[in-house]
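Asks: Line by line, the protein sequences give chains A and B.
Each residue of the first sequence is one higher than the last, beginning at 500 in the working numbering.
Each residue of the second sequence is one higher than the last, beginning at 4 in the working numbering.
Misleading hints may appear alongside valid ones.
Derived lysine to any residue pairs resembling SDA-like cross-links, with alpha carbons at most 25 Å apart [said to hold, decoys possible]:
(1) A:LYS729 - B:GLY136
(2) A:LYS645 - A:LYS779
(3) A:LYS729 - B:MET138
(4) A:LYS779 - B:SER143
(5) A:LYS784 - B:THR127
(6) A:LYS779 - B:ALA142
(7) A:LYS779 - B:GLY273
(8) A:LYS729 - B:THR121
(9) A:LYS779 - B:VAL220
(10) A:LYS784 - B:SER128
(11) A:LYS729 - B:ASN36
(12) A:LYS645 - A:VAL887
(13) A:LYS729 - B:THR127
(14) A:LYS784 - B:THR121
(15) A:LYS779 - B:PRO129
(16) A:LYS729 - B:THR176
(17) A:LYS779 - B:PRO120
(18) A:LYS729 - B:SER5
(19) A:LYS729 - B:VAL261
(20) A:LYS779 - B:THR121
(21) A:LYS729 - B:VAL220
(22) A:LYS779 - B:THR127
(23) A:LYS779 - B:LEU59
(24) A:LYS729 - B:TYR266
(25) A:LYS699 - B:SER265
(26) A:LYS699 - B:SER263
(27) A:LYS601 - A:LYS699
(28) A:LYS779 - B:SER128
(29) A:LYS729 - B:VAL61
(30) A:LYS779 - B:VAL61
(31) A:LYS729 - B:TYR133
(32) A:LYS779 - B:ILE104
(33) A:LYS897 - A:LYS929
Hints are computed from structural coordinates only; laboratory data are not their basis.
Predicted model, so just to flag it, every value in this text is computed and none were measured.
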Amino acid sequence: MSDRAAPGGVKLALGVLAAVVLAACGTSTSSATPKTYTGTLTFASFNPFTGPDASFGPEMQAGCVVAAHLINKSGGVLGHQVQCVTVDTRGDPADAVPAAEKMLATTPNLVGMNGPSSDEALATVPLIDRAHVPMFGDTGQAAFDKSTYKYFWRLTPPDDAAGIAMAVYAYRKGYRRGAAVFGNDLSSQGNVPNLLSAFKKLGGQIVANQQVALDQSSYRSEVESVIAAKPDVMFTEADPQTDAAYLSQLQQLNGLIPVVGTQPTVQPPWGQAVGGAIGKDNLAKIYAGAQPYAPSQGPAWQVFNTELLASGSDIPQPDQWSQDPYTQTDYDAVIMMALAMVAAGTPDPTFYNEHIAEVVSGGSGAVEVHSFQEGRDALKAGKKINYVGAGGPISLDKYHNSAGAFEIVGYAPDGSNPHIDVVSAADIAKLAA
Amino acid sequence: MSQLSAAVGFGLITASILSIAAVGFTLQFSVTNILNLAYGDIMTACAFAAYLVNRLGVNIWISLVVAALFGAVFSMLLNRFVYFQFVRRGTRLFGMIIVTIAMSLVIQNVLLAIFRPTFFSYHTSPGASYHFGGMIFTASQLGIMGIAVVAMLGVHLISTRTKLGKAMRATATNPGLARSCGIATDQVIDVAWLLSGALCGVAGVVLVLNTATFSEVTGATFLVPVIAAAILGGIGQPYGAMLGALTIGVAGEVAATVISPSYKDVVAFGILILVLLVRPQGILSEVASAKEVAA
């Protein structure tokens with residue numbers, strides 16, 4: 500149920516196998532001298548642009564294009580202009596592996612990329628890592644929580660961190676008896692272990708834990724079991740039809756109780772289905788959902804948003820991405836790679852990759868910067884920098900992951916998602932296993 | 004114990020919806036020998052027909068009648084203009100299944116194009132709740148069960164007390180012989196599609212009354228338990244479909260209470276497999292066959 504949904508098992512297995520074989524057949528070359536580049540440097544947006552997840556690609560490319568505009572306006576990276584190209588994975592490992600292979604073989608001056616998404620990450624990350632191309636995955640998959648891939652980076656919070664954010668928010672609100680009602684699909688269940696352990700660590704009690712079969716015509720027996728356990732809050736992630744049926748039957752049999760959902764429950768189809776089933780006003784009263792936090796404010800976001808809105812025909816309907824956390828982190832990723840190149844003195848990935856972490860955590864005495872230009876100037880002046888991105892502060896751990904904060908939003912009767920609260924990265928880190 | 008009796012009550016509601024759909028499905032199959040896998044999508048189309056009427060401010064129960072009429076006409080025309088064209092050319096059972104799958108996709112995508120990918124709900128209230136020995140029903144659910152009883156009774160009376168029923172049974176048993184006996188089998192087949200379509204329309208609306216929301220795929224996701232109920236009872240046997248619906252509906256709800264919600268489908272379909280291992284022809288098919296012979 501993640502917004503970067505995992506693909507089917509067979510295709511995934513074939514994709515992983517193909518990636519492993521290709522990786523094994525590849526050759527690794529690294530030298531003590533950086534490679535020399537002439538001409539424009541290329542960043543790839545490696546994501547689905549067609550298929551069921553076709554919305555992912557344009558969201559990612561918008562972030563890259565804004566970053567490229569700003570870098571080029573500042574004079575480029577080490578004298579090179581930069582550009583963004585799109586690589587369509589079709590959201591399917593079977594298509595993504597040959598697409599990755601083609602990208603690596605034919606893209607001139609490929610120095611970094613955004614992606615892959617959860618659709619194709621397991622199949623393609625080994626291949627791209629082997630080719631020494633830094634990548635910023637927009638996947639929340641737990642498989643990358645302790646990634647050992649040298650060139651894999653992630654600014655997207657892991658899916659299972661959402662469970663902790665939900666527990667923290669519910670506990671803050673004074674709820675102590677939680678019922679976990681999640682779809683029995685792999686993605687929905689990914690949130691559950693951390694939710695249960697975090698809520699218990701905080702002092703709450705999980706009084707019911709249901710894995711519900713999706714798209715049934717009736718959930719009344721499940722609802723009766725939950726009612727019997729007397730919860731004061733319900734945690735959930737299931738597809739819109741399932742949660743709509745479940746909550747409308749809860750409304751009939753008992754009356755509604757507060758609901759805390761995951762990021763997929765913040766999506767319009769879920770709100771439409773559940774709001775239609777229980778009433779939009781009722782949904783507004785009971786609902787809160789956790790989604791990755793992008794503050795959409797502050798100097799770095801101002802730089803990003805100003806350029807985004809001025810991007811003209813390069814980004815269709817640019818205002819739709821203004822508050823999009825994925826677009827913001829994709830923008831930040833390109834800026835970070837460009838600053839790391841400046842820090843390393845070369846766009847050669849085998850050299851600048853090691854400098855990526857230091858541009859967001861320069862340590863004591865580091866200058867806080869909010870744009871490529873500020874960062875480049877500070878680095879040229881011999882200073883250490885701490886880049887604070889459009890998506891907020893970035894703190895990378897030893898596995899190249901930035902946990903990030905979560906925003907708690909509600910549903911207004913008009914379908915919008917008003918801000919309610921923030922669960923900080925520090926709050927989440929405290930409760931992480 | 005109270006949760007168990009409540010689960011049985013909830014199972015009766017599911018069984019009511021399933022039985023309306025399964026009887027319609029199996030009635031049409033018994034007469035025409037076409038396994039109509041577009042049935043779930045016709046249910047959805049009927050739910051949309053009721054939705055359009057309901058949005059005009061019309062009561063949901065009147066909208067249900069409109070959906071039944073729409074389903075009847077739609078199903079009959081679907082047979083006349085699509086399925087029958089293939090039957091006339093001698094398309095065999097497997098080929099017809101592919102044709103019905105194609106129609107399922109066509110209907111689903113036409114609905115998607117018209118209504119866009121989102122969710123819809125009826126303007127209706129479930130009404131007051133009533134308790135019967137540990138079971139809880141809303142007024143709307145009592146209405147659904149009442150409709151199921153009336154529909155089943157109607158099918159029973161048509162089948163056993165009318166010339167049309169006899170003609171349908173004769174056509175189902177041996178169409179060639181029925182024709183040579185002077186039965187207008189084409190008209191009988193039309194009536195079978197009309198009746199099946201009307202039940203399909205009713206089933207589509209009561210399904211949505213139960214799920215509270217629907218999209219272009221809601222009926223299709225319900226098709227598997229419908230077919231399971233029909234097969235469990237003995238495909239082509241309306242009474243078997245009723246019994247199959249009752250078994251699957253109640254077993255699923257009781258399993259969700261006693262074991263785990265995750266095993267709801269596992270238990271219901273496990274029973275289906277066990278029964279078919281023992282009686283591959285379904286629960287009632289031999290009983291019905293014996294009656295046919297006696298008649």
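Asks: Against each hint, give a clear statement of whether it holds in the structure.
Replies: So, going through the hints one by one against the coordinates:
Straight-line distance between C-alpha atoms of LYS729 (chain A) and GLY136 (chain B) comes to about 22 Å, which keeps the hinted pair within the 25 Å bound. Note on LYS645 (chain A) and LYS779 (chain A): the hinted pairing is violated, with a Cα-Cα distance of about 40 Å set against a maximum of 25 Å. A C-alpha spacing of about 19 Å is found between LYS729 (chain A) and MET138 (chain B), which places the hinted pair at or below 25 Å, so the restraint holds. The straight-line distance between the Cα atoms of LYS779 (chain A) and SER143 (chain B) is roughly 21 Å, inside the 25 Å bound, and the hint therefore holds.
At most 25 Å may separate the alpha-carbon atoms for a hinted pair to count; LYS784 (chain A) and THR127 (chain B) meet this at roughly 21 Å. Taken as a hint, the LYS779 (chain A) and ALA142 (chain B) pair is honoured in the structure, with Cα atoms around 23 Å apart against an allowance of 25 Å. Taking the CA atoms of LYS779 (chain A) and GLY273 (chain B), the gap is about 39 Å. The hint is violated against a cut of 25 Å. Taking the CA atoms of LYS729 (chain A) and THR121 (chain B), the gap is near 33 Å; set against the 25 Å cutoff, the hint is violated.
Only pairs whose Cα atoms come within 25 Å are accepted, and LYS779 (chain A) paired with VAL220 (chain B) is accepted, the gap being roughly 23 Å. Between LYS784 (chain A) and SER128 (chain B) the CA atoms are separated by roughly 19 Å; this keeps the pair inside 25 Å, and the hint holds. Simply put, LYS729 (chain A) and ASN36 (chain B) have alpha-carbon atoms about 51 Å apart, too far for the 25 Å limit, and the pair is violated. Among the hinted pairs, LYS645 (chain A) with VAL887 (chain A) is consistent with the structure: their alpha-carbon atoms are about 23 Å apart, no more than 25 Å.
Straight-line distance between C-alpha atoms of LYS729 (chain A) and THR127 (chain B) comes to about 28 Å, which puts the hinted pair past the 25 Å bound. A distance of roughly 22 Å separates the Cα atoms of LYS784 (chain A) and THR121 (chain B); the hinted pair therefore holds under the 25 Å criterion. Restraint check for LYS779 (chain A) and PRO129 (chain B): satisfied, since their Cα atoms lie roughly 17 Å apart, inside the 25 Å limit. Under the criterion of a C-alpha separation no larger than 25 Å, the hint pairing LYS729 (chain A) with THR176 (chain B) is inconsistent with the structure, at around 56 Å.
With a C-alpha separation of about 19 Å, the suggested pair LYS779 (chain A) and PRO120 (chain B) falls inside the 25 Å cut-off, and the hint holds. Distance check on the hinted pair: LYS729 (chain A) and SER5 (chain B) sit about 16 Å apart at the alpha-carbon level, within 25 Å; holds. Between LYS729 (chain A) and VAL261 (chain B) the alpha-carbon distance is near 18 Å, which keeps this suggested pair within the 25 Å criterion. With a C-alpha separation of about 15 Å, the suggested pair LYS779 (chain A) and THR121 (chain B) falls inside the 25 Å cut-off, and the hint holds.
With a C-alpha separation of about 34 Å, the suggested pair LYS729 (chain A) and VAL220 (chain B) falls outside the 25 Å cut-off, and the hint is violated. At roughly 14 Å between alpha-carbon atoms, LYS779 (chain A) and THR127 (chain B) fall within 25 Å of each other, so this suggested pair holds. Among the hinted pairs, LYS779 (chain A) with LEU59 (chain B) is consistent with the structure: their alpha-carbon atoms are about 20 Å apart, no more than 25 Å. At roughly 23 Å between alpha-carbon atoms, LYS729 (chain A) and TYR266 (chain B) fall within 25 Å of each other, so this suggested pair holds.
Restraint check for LYS699 (chain A) and SER265 (chain B): the C-alpha separation of about 23 Å stays at or below 25 Å, so the hint holds. The suggested pairing of LYS699 (chain A) with SER263 (chain B) holds, with an alpha-carbon distance near 22 Å, which does not exceed 25 Å. Of the supplied pair hints, the one linking LYS601 (chain A) and LYS699 (chain A) is violated, its CA atoms being roughly 48 Å apart against a limit of 25 Å. Note on LYS779 (chain A) and SER128 (chain B): the hinted pairing holds, with a Cα-Cα distance of about 14 Å set against a maximum of 25 Å.
As the CA atoms of LYS729 (chain A) and VAL61 (chain B) are separated by approximately 38 Å, the hinted pair breaks the 25 Å bound. About 21 Å separates the Cα atoms of LYS779 (chain A) and VAL61 (chain B), which keeps this hinted pair within 25 Å; it holds. Restraint check: the Cα-Cα separation between LYS729 (chain A) and TYR133 (chain B) comes to about 22 Å, which is no more than 25 Å; the hinted pair holds. Only pairs whose Cα atoms come within 25 Å are accepted, and LYS779 (chain A) paired with ILE104 (chain B) is rejected, the gap being roughly 36 Å.
Between LYS897 (chain A) and LYS929 (chain A) the CA atoms are separated by roughly 17 Å; this keeps the pair inside 25 Å, and the hint holds.
Violated hints, in rising order: 2, 7, 8, 11, 13, 16, 21, 27, 29 and 32; the structure is consistent with all others.
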